[in-house]
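Reassemble the complex: the two chains are provided individually, in unrelated frames, and hints are given to aid placement.
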Amino acid sequence: MTLNQLMFILFASIIVVFSILTVTSRRILRAAVYLLFVLISTAGLYFMLNYAFLAAVQLTLYAGGIVVLIIFSILLTSHISLKFEPVEWKKSLFSALAAIAGALITIITILDFTFSATNEAAREVNMRLVGKSLLSVGSDGYILPFEVISVLLLAAMVAAIIIAKKGGPKSTDTQTSNYQ
Amino acid sequence: MNAGIPLSYFLILAAVMFFTGIYGFLTRRNLITILMSVELILNSVNINFLALNRYLFPHKLEGFFFSLFIITVAAAEAAVAIALIINIYRRFTTINVEDVNIMKY
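In the order they appear, the protein sequences are chains R and C.
For the first sequence, the positions run 1 to 180 when the numbering used here is used.
For the second sequence, the positions run 1 to 105 when the numbering used here is used.
Chain C extracted, bound-state conformation (with noise of 0.2 Å):
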């Protein structure tokens, strides 16, 4: 189903979702789009993942399982961070970076 596409579409679309989400990272304050961000990262390098098990070695299933897990832990990531958001959320009644810092210095 991927013929006529090389390899290196697959990773240069991997290469702009990976960057955009580098953007949003940097730039975003809310904890939830930063959280969003992070999202984007991990599904374009899961696509890296899959694009080069695919073209490169479809005879193995490395990546494949690689992306498995990259999701699992993706999951348990999102889980977490969210449960760390509502509590922040209830000690300081705001989700921005820059007025949780009770810890600075």
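Only chain R is shown next, with the shape it has when bound in the complex (with noise of 0.2 Å):
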């Protein structure tokens, strides 16, 4: 066994168990925290695959901006020590019956597929070919859709500060005697 194989059992046995703890962890901020390692993880599978960009984006965004939103989250809206129910064992098991089976199908066919790779050189992805691919036009151009995402990230900016700011024509609201 070498050590990329190694490197990859490691990731993913770390990934796949803290996915399933992630789902079915009782207590909150635990699970995002495991969620924190799974993401890690991925991140180092990105880093196997030679994509080191993406993993480097993958850490910064993924694991230190979404994890860390979602951690203020939940501190804004459960308590620290706040412990699910368990769930109900009937919901449990159908849930569980249809993810098996769901991966039970999508992995046979991925072993019964054979995959026939290209002769093509491989491509060294640096920062100097992304920067121009973002910003090219043509068959190895991404201009398009760079532009939308940038739309969609401004969009996104907006609605969320226009949702969760307080006041607005919602304060006229009599729903809950609580709301300010």
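It is possible that some hints are incorrect.
[Claimed, not checked] Here are the simulated DSS-like cross-link-like pairs (lysine-lysine), alpha carbons at most 25 Å apart as the crow flies:
#1 R:Lys132 / C:Lys60
#2 R:Lys90 / C:Lys104
#3 C:Lys104 / R:Lys91
[Claimed, not checked] Have a look at the derived ranges for each label pair, beta carbon to beta carbon:
#4 R:Asn119 / C:Arg29: 48 to 54 Å
#5 C:Thr93 / R:Ile161: 35 to 41 Å
#6 C:Leu56 / R:Arg26: 38 to 44 Å
#7 R:Thr2 / C:Lys104: 54 to 60 Å
#8 C:Ala3 / R:Val16: 18 to 24 Å
Simulated from the structure, these hints should not be mistaken for laboratory data.
If you're wondering where the values come from, they're calculated on a predicted model, not measured in any experiment.
Where a beta carbon is used, it is the ideal one built from N, C-alpha and C, also for glycine.
Quick look at the structure:
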């Protein structure tokens, strides 16, 4: 067994174990921390696939940004030692059956299919290439999705501010007494 | 760096992660944990894209940019979803999906 395979097994087992813990843990803050482990091991897999830039993006944006955002919202909305009630066995059983059946079908299909790789030389993905591709048109240019994603990010930012802001037309609502 | 690891290992790992996310999505009741399951699903899709890009089309960059855009969309989605969750919490003082049913019927 080579070092590559050893690293892959390590990352894969961390991902599998902690993603199962993420969806089954009854303490919400622990679930968030388990999710952080999963995201960091995913970044490790990206490093193994030789996509260093994307691994860095994964670490900063997912592990650094989204998990912190999730932990903040957990601290804002629930008590730190909150423990969920256990899921009813019926719901858990049928969800698990659906998930396992889906996973089995997918895995059988993957093992059945023969992938044929091209013989073209691999391309080094460095920052210069990424930047050039993002800002060019043509067969290797991605300027249209880049622009779309910039507009989407702006819209999401404005929407998040508008939604989470206090007051506005919603303050006339008398749905609950503790709403200010 | 991926020598000795077949492509199907990556795909199987991504499938397991995806369906773990599906399980969490179906069983969880708290909105934040549902959001975390969605993040798991998006991550497994990213692994798929990158593994296929590296193994089958190493001279192209489609999978790379797709996963870059997926990460961006996930960030935007998390921001908006958490704003919505905080707003729901202000109105109902709970983020349990079963208690937030004012628009039902």
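Assuming the hint says 54 to 60 Å, is it satisfied by the Cβ distance from Thr2 (chain R) to Lys104 (chain C) or not? Cβ of Thr2 (chain R) to Cβ of Lys104 (chain C): about 56 Å, so the range 54 to 60 Å holds.
With 35 to 41 Å as the target window, see if Thr93 (chain C) and Ile161 (chain R) comply at their CB atoms. Hint violated: Cβ distance 22 Å, outside 35 to 41 Å.
So does Leu56 (chain C) sit 38 to 44 Å from Arg26 (chain R), Cβ to Cβ? holds (41 Å)
Hinted pair, alpha-carbon criterion (25 Å max): Lys104 (chain C), Lys91 (chain R). Please report holds or violated. holds (21 Å)
Satisfaction of hint between Lys60 (chain C) and Lys132 (chain R), Cα-Cα up to 25 Å: holds (14 Å)
May I ask you to test the hint 18 to 24 Å on the CB atoms belonging to Ala3 (chain C) and Val16 (chain R)? 23 Å Cβ-Cβ, so the 18 to 24 Å window holds.
Just to be careful, I want the Cα atoms of Lys90 (chain R) and Lys104 (chain C) compared with a cutoff of 25 Å; is the pair within it? It holds: about 24 Å lies between the C-alpha atoms, which stays within 25 Å.
Asn119 (chain R) versus Arg29 (chain C) beta-carbon gap, inside 48 to 54 Å or not: Since the Cβ atoms of Asn119 (chain R) and Arg29 (chain C) sit about 51 Å apart, the hinted range of 48 to 54 Å holds.
Hint violations for this structure: number 5 only, all remaining hints satisfied.
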